[in-house]
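Whole structure, please, built from the sequences with the hints as guidance.
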Amino acid sequence: MTTMNLSLPDEMMAFIEAQAALGGHASAAEYVQALIREAQKRTAKQELEAKLREGMESGPATEMTPRTGMGWNARSGNVAGSVTQSLHRR
Numbered sequence: 001m002t003t004m005n006l007s008l009p010d011e012m013m014a015f016i017e018a019q020a021a022l023g024g025h026a027s028a029a030e031y032v033q034a035l036i037r038e039a040q041k042r043t044a045k046q047e048l049e050a051k052l053r054e055g056m057e058s059g060p061a062t063e064m065t066p067r068t069g070m071g072w073n074a075r076s077g078n079v080a081g082s083v084t085q086s087l088h089r090r
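Mapping of the sequence shown onto the working numbering: residues 1 to 90, in sequence order.
Worth flagging that the hints you see were computed from the coordinates, not collected in a lab. Nothing here was measured: the structure is a model prediction, and the numbers come from that model. Mixed in with the good hints there might be a few duds.
[To be verified] Cβ pair distances, simulated, as ranges:
no.: 1; residue 1: 44; residue 2: 4; range: 40 to 48 Å
no.: 2; residue 1: 51; residue 2: 6; range: 30 to 38 Å
no.: 3; residue 1: 1; residue 2: 24; range: 35 to 43 Å
no.: 4; residue 1: 62; residue 2: 37; range: 19 to 27 Å
no.: 5; residue 1: 9; residue 2: 42; range: 22 to 30 Å
no.: 6; residue 1: 54; residue 2: 1; range: 33 to 41 Å
Virtual Cβ for every residue (Gly too), placed ideally from N, Cα, C.
Structure follows, in structure tokens:
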């Protein structure tokens, strides 16, 4: 683990320590780590949502069938084939 030293105004440090105590964190460092993890999750969610929007806006969907899925199976490790097969079993 890498160490990082920060200089904070007294008011900010007091806030961090209070929030750490209220949140059940063992230390101010643990609280800051939790904040960073939350920010990482938020960023990952925003990136995923952007990719989903891009996919939805890319044009009309194409139905996957055993015939159209053939080329996809080779590129995706047969995941599409498994999905297609499970859909046809229903």
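Evaluation of the provided hints:
1. 44 to 4: 40 to 48 Å: violated (22 Å)
2. 51 to 6: 30 to 38 Å: holds (33 Å)
3. 1 to 24: 35 to 43 Å: violated (21 Å)
4. 62 to 37: 19 to 27 Å: Given a distance of about 38 Å, which is not inside 19 to 27 Å, the answer is violated.
5. 9 to 42: 22 to 30 Å: Check passed, 25 Å falls within 22 to 30 Å.
6. 54 to 1: 33 to 41 Å: Check passed, 36 Å falls within 33 to 41 Å.
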